[in-house]
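Turn these sequences into a full structure, and let the hints steer you where they fit.
Protein chains: 2
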Amino acid sequence: MRFLHTADWHIGRKLYGYNLIEEQEHDFKQLTKIALEKNVDAIVIAGDLYDRALPSEDSVNRLNRMIMKLNLRLQKPVLAISGNHDSAVRLNTGREWFKATKYFLNTNLKEAMIPIEFSDTQFFLLPYFQLFQARNFFADETLTDLTIAMQKIIKGMKENFVSGKKHVLVAHFFAAGSIKTDSETKIEVGGLNAVPLDLFNDFDYVALGHLHDVNALHAERIHYSGSLAKLSVSEAKTNKGVWIVDTEPFHTEFVTIKPLNEIVLLQDTYENLTSPKVYTRVANEDFVAITLLDKAVIPNVINNLREFYPKIISLSRKDQIAELPTDEEAVLELDPMTLLENFFEDMTGEKMTKQQKEWANNSLERVIDGDEK
Amino acid sequence: MRFLHTADWHIGRKLYGYNLIEEQEHDFKQLTKIALEKNVDAIVIAGDLYDRALPSEDSVNRLNRMIMKLNLRLQKPVLAISGNHDSAVRLNTGREWFKATKYFLNTNLKEAMIPIEFSDTQFFLLPYFQLFQARNFFADETLTDLTIAMQKIIKGMKENFVSGKKHVLVAHFFAAGSIKTDSETKIEVGGLNAVPLDLFNDFDYVALGHLHDVNALHAERIHYSGSLAKLSVSEAKTNKGVWIVDTEPFHTEFVTIKPLNEIVLLQDTYENLTSPKVYTRVANEDFVAITLLDKAVIPNVINNLREFYPKIISLSRKDQIAELPTDEEAVLELDPMTLLENFFEDMTGEKMTKQQKEWANNSLERVIDGDEK
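Which chain is which? The protein sequence lines are A and B, in order. Our numbering puts the first residue of the first sequence at 7, with every later residue one more than the last. Our numbering puts the first residue of the second sequence at 7, with every later residue one more than the last.
Treat the hints as calculated values from the structure; they're not laboratory data. As the structure is a computational prediction, the values presented were derived from the model and not from experiment. Glycine included, each C-beta is placed from N, C-alpha and C at the ideal position. Please note: incorrect hints may appear among the correct ones.
Output of the computed footprint for chain A on chain B, the stretches with three or more beta carbons under 8 Å from beta carbons of chain A [as the list claims (entries may be wrong)]: (1) 7-17; (2) 66-80; (3) 91-98.
So, in structure tokens, the structure goes:
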């Protein structure tokens with residue numbers, strides 16, 4: 007059979023304050039297009055459908071419509087698990103009804119060992135779990151090691167292997183030897199909770215979720231699909247897309263999805279950044295991460311840069327800022343409140359509100375009057 | 007056909023701080039028992055399934071299991087709408103899949119006019135809505151009157167009436183002339199949003215939700231089922247239960263459900279309340295609302311009473327408390343902090359925390375030292 011492997015949709019996610027809804031709807035549209043063009047027999051979603059355990063009404067609505075589109079409109083079987091960002095309980099609602107149209111959603115360990123069969127393939131849906139859940143499930147208080155828990159789970163799965171069939175594991179964890187980006191929530195501590203890959207030798211394919219870069223892991227039959235959208239600056243240069251997996255003969259192909267808006271990394275001086283030769287090369291809708299090469303203080307820097315790059319998602323300096331402004335005397339002539347306002351703006355990129363000014367003013371007055379002892 | 011009419015489950019509700027989970031599970035069990043004994047063809051739930059738009063994971067889990075029990079295990083068709091306490095969007099999740107097993111859930115106006123047919127009956131599921139939604143739906147900005155909106159909606163329904171069939175409306179609103187308890191959230195202002203009953207003359211039965219007392223309205227073919235559990239002191243003496251409705255020949259019967267724990271109203275003196283002749287008559291698990299007949303200050307009153315009535319849900323006095331304690335001099339000898347602590351305890355029934363004592367102490371010190379000018 008042929009299936010599409012995706013994960014980490016993170017519906018509801020923001021990129022440094024910017025809503026990613028348009029990006030996510032765009033990516034989803036591309037995904038459905040690929041599913042149709044490649045004529046896949048099923049769609050596998052390896053966790054983190056939502057960005058948070060308590061998704062907003064809008065996110066609930068969107069994800070619901072996406073799954074409806076795949077499962078009810080296009081009539082594709084969907085196999086999904088909960089990730090560390092999902093609330094297993096909330097995602098689970100309605101699950102018993104979903105099966106009728108081959109939407110198989112698993113959020114608990116109990117059913118991970120029971121295969122879901124399609125033509126030549128057995129799928130095992132292992133949701134993200136915490137060790138205490140494995141302890142409860144196996145009724146074994148001594149189970150404090152993720153690798154041992156995983157061994158037990160896989161043993162349980164293998165007992166249900168039908169020989170002659172292909173075996174696919176869908177899971178959401180940090181695989182040993184993988185490389186992270188900045189947008190995954192850490193679910194392992196000090197590498198202790200990384201899962202060694204040799205546990206999975208008996209599977210024909212392991213469809214992973216959790217890491218957001220498709221290149222996080224290089225293994226022939228164990229893949230992260232990566233997130234659908236770019237979720238952090240560190241993903242600026244990674245490819246996004248989905249895996250198309252054929253079980254017989256075994257073949258995988260990564261089909262890329264072009265983002266609606268790019269994350270552009272700029273490292274330059276303020277002067278260059280504000281000159282047409284640089285800013286005309288960046289689309290207005292692109293997210294921009296800037297590393298300033300200047301050392302001098304630049305008043306109101308982020309607001310000025312926003313005139314050229316409306317969607318700045320990060321602003322840092324390559325070198326430490328020079329300690330005193332060049333025009334030292336001019337600065338010393340400014341009154342404390344103006345200095346504070348400028349500082350606030352430099353740091354936050356926002357003007358102080360009336361209330362903030364009032365607070366600042368009161369504090370300054372008390373300091374100046376020596377009222378605060 | 008014969009159906010069961012219930013509403014206002016309010017899963018997740020608390021009664022003055024007390025969890026009602028056990029009560030609600032008990033009531034639900036009785037409901038399923040009645041559904042089986044009466045061999046109903048369907049179960050109608052007229053809104054407010056949850057107590058809040060953002061139910062807890064536990065509430066989500068419980069409601070999901072309840073509906074699964076009715077619809078999947080007992081294979082009873084379920085017809086439900088969202089009430090003013092439900093988030094239409096959240097409740098709506100999975101809805102498209104529910105239909106396959108005859109679980110019809112409607113949370114939007116658009117589908118209220120489309121009947122769901124069972125043997126001899128057409129059901130119209132009208133969720134709770136706000137006027138702006140009716141304005142959007144009818145694309146009529148001048149629609150500022152609930153009665154007119156309701157007329158339009160009912161006109162839309164009637165256009166789909168099949169003659170010879172029975173017509174049942176399931177809805178969630180405040181019907182004109184009804185009497186409220188203290189536990190409904192007001193969705194009408196100054197009676198303006200009360201819906202006149204003559205609008206519903208063409209329906210064979212109107213299954214209402216919103217008001218929690220089954221006796222809120224006396225009309226032959228328009229009934230509130232009332233809430234399943236007692237949700238406020240004012241419901242102490244009301245009957246709880248469900249309607250069993252036969253469409254042909256038309257017949258309704260209210261089948262009561264005995265609460266797991268009662269709400270007991272006590273009006274007596276402190277002396278009597280703490281004597282066995284009174285307290286032995288009240289079960290430990292019952293919720294108790296006390297009206298004290300004393301006029302004197304009684305130190306630590308609620309904590310003392312809790313030794314006899316562990317689940318006090320309200321404590322009030324019939325008459326104003328006497329302004330000065332009888333043992334005036336003894337009180338005047340107490341230091342301010344002890345006075346404050348006693349007062350806090352009398353008012354809240356709780357001892358001050360360490361942090362609260364610290365705050366109180368600091369404030370008292372500043373007052374006494376005259377630091378606060």
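Here's how the hints hold up against the structure:
no. : hint  : in the structure
1   : 7-17  : violated (count 0)
2   : 66-80 : holds (count 5)
3   : 91-98 : holds (count 4)
Of the numbered hints listed earlier, the single one contradicted by the structure is hint 1.
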